[in-house]
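K.L.:
Residue strings, one per chain:
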Amino acid sequence: MLALLRAQLPDVVRAAAPLGLVVAALQVTIVGAPAAEFLQFLAGLALAILGMTLLFAGIDLGILPMGRYIGAELPRRGSLPLILLTAFALGFATTIAEPDVIVLAQQVETASGGDLSATTLAVVISAGVGAFVVIAMLRIVSGVPMVYLLAAFYLVGVVLTFVAPPRIVPTAWDAGSVTTGALSSPVILALALGFISVLPKRNAVEDGFGLLGLGSIGAVLLVLLFGMWG
Amino acid sequence: MLDEVVTVARSVGLAVGPLVVLFALFQGLVLRLPPREIGRIARGTALASIGLFLFLLGVNFGFLPFGRAIGAAIGDEANRWLLVPAGALLGFVTTWGEPSVRILADQVDQASAGSIRKGLVLVAVSIGVAVAVAAGVIRIAYGLPLLYLIVPGYLLVVFAMWWSDRGFLAIAIDAGGVATGPLANTFLLAVAFGVAIAMGHEDLMVHALGLVALIALAPVLSLVFLGLVVRRGRQEVRES
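Quick note, the sequences are listed as chains Z and B, same order. Letter by letter, the first sequence follows residues 202 to 431 in our numbering. Letter by letter, the second sequence follows residues 14 to 253 in our numbering.
The following block holds chain Z by itself, in its conformation from the complex (with noise of 0.2 Å):
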């Protein structure tokens, strides 16, 4: 268990000590706030180092083979209609976990003065990368090109972001950016890669690519959409 964290800490402290950096010059430079609320920072960050890091190495230990079990075995005995549900499913479980896709569904309640609820969001915005990542096993029977499909959904992104109201255009473009990361993405395509092994004539570099940013697209036409009728 050591290991596995001692594995992860360098990564995640690269990554932090940047901003940490950045945040330190400009609080001695222009923002000058108060020591005790510069310490909070350095507490908070400590703190989301340390996070970030059990996080991963939780994800390494437990998620990860979980997606794989699931993604191995299921293709192999299951009907298309169980895969495509537990498709969604996974998208939908691993997308909600997402660390920056429950901190942006908290600030949008904030912003929205508590008109838009952060575990509504959350679920919309899951339930957009589920459907999606059923859409992307769909083009992997189907065998359609995933680059007329992205292009198709980008299109209607755009359209919907003239037609929906413009309060959850910021919100929805948001959503898509934060929906695939360390806990999605991998698990996601460990289902694909499976799925696509138990097919013929297959080739899993060709067929596994775009899932991610499916997925993402997904988010934000879901969002957009509830925008509009919601």
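These are computed hints drawn from the structure, not numbers from a lab. The beta carbon of each residue, even a glycine, is placed where N, CA and C say it ideally should be. Mixed in with the good hints there might be a few duds.
[Unchecked claim] Per label pair, the in silico range of CB-to-CB distance:
(1) Z:Glu274 to B:Val164: 39 to 45 Å
(2) Z:Leu222 to B:Leu42: 48 to 54 Å
(3) B:Val171 to Z:Ala204: 41 to 47 Å
[Unchecked claim] With the C-beta cut set under 10 Å, the calculated list includes, among others, these residues of chain B facing chain Z:
(4) Leu135
(5) Ala192
(6) Gly223
[As the list claims (entries may be wrong)] These stretches of chain Z come out as covered by chain B in the derived footprint (C-beta under 8 Å, 3 or more residues):
(7) 249-263
(8) 269-275
(9) 329-340
(10) 391-398
(11) 410-423
Knowing the structure of chain Z, use the given hints to seat chain B on it.
P.N.:
For chain B alone, coordinates are given in the frame of chain Z:
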């Protein structure tokens, strides 16, 4: 303080719950893994939950308040010239330190058989994010609608899709989410709130959000652009 801890604990439960339920269902119906494996998965999930709890606690206590303070400081009238350099700097350094961007750089290096160096990818993506954050901060400062940046950005991506090399494009599209990790994302989110409040914008839904969205666009555009440059370079070599 205690209230916050309880709220954070509840959101961790909400976040990890679906994953646990899903796995329990699978284990019962299909997988039937041996107890040793279950133990490992349970320990990993517990570890991840504790990690998530600490991360959210650190973000709520330290990151969000101070990110807002920084946003307020660079949004202040006296410091307004700092908006662009400070935004660009934050974008550049957080991307530069992001481990997943380095993995991406390795992938590109390999996919291009060494013709696009790792270091070049790292610089290109970091510059892309720096430009994106600077543009996003300017947008917030002047209260421009997000669609002015998002619509041309994604149209450019769609357009570029027809021109770039397939294998390269594959990497570029999936790269959208990697440029900034949870640390940088949450911090920039808070900075954007600080700037929007300092500028006196009323509706934070419209003005404070939308900065992180641009960061997803940056690596895609940077990589597609790099791909085009490299392809042109190759053609020129062939012609001469």
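K.L.:
Does each hint fit the structure? Answer for all of them.
P.N.:
Going down the list of hints, with the structure as the test:
1. At about 43 Å, the CB distance of Z:Glu274 to B:Val164 agrees with the hint of 39 to 45 Å.
2. The beta-carbon spacing between Z:Leu222 and B:Leu42, approximately 50 Å, falls within the hinted interval of 48 to 54 Å.
3. Between B:Val171 and Z:Ala204, the C-beta spacing of about 45 Å keeps the proposed range 41 to 47 Å intact.
4. Annotation: B:Leu135 was flagged as interfacial toward chain Z, and the flag is violated, the nearest CB pair being 13 Å apart, outside 10 Å.
5. About 9 Å separates the beta-carbon of B:Ala192 from the nearest beta-carbon of chain Z, less than 10 Å, and the hint is met.
6. The closest approach between the C-beta of B:Gly223 and any C-beta of chain Z is roughly 3 Å, which is under the 10 Å cut-off, so the hint is satisfied.
7. Given as covered by chain B, the segment 249-263 of chain Z passes the check, having 15 residues with a CB less than 8 Å from a CB of that chain where 3 are the minimum.
8. Note: the segment 269-275 of chain Z has 4 residues with beta-carbon separation from chain B under 8 Å; the three-residue rule is met and the coverage holds.
9. Using a Cβ-Cβ cut-off of 8 Å, 0 residues of the segment 329-340 of chain Z lie near chain B, which falls short of the minimum of three, so the contact claim is violated.
10. With 0 residues bearing a CB less than 8 Å from a CB of chain B, the segment 391-398 of chain Z misses the requirement of three and the coverage assertion fails.
11. Judged by the Cβ-Cβ criterion of 8 Å, the segment 410-423 of chain Z is covered by chain B as claimed, because 6 of its residues qualify and three suffice.
Hint compliance for this structure: hints 4, 9 and 10 are broken, all remaining hints hold.
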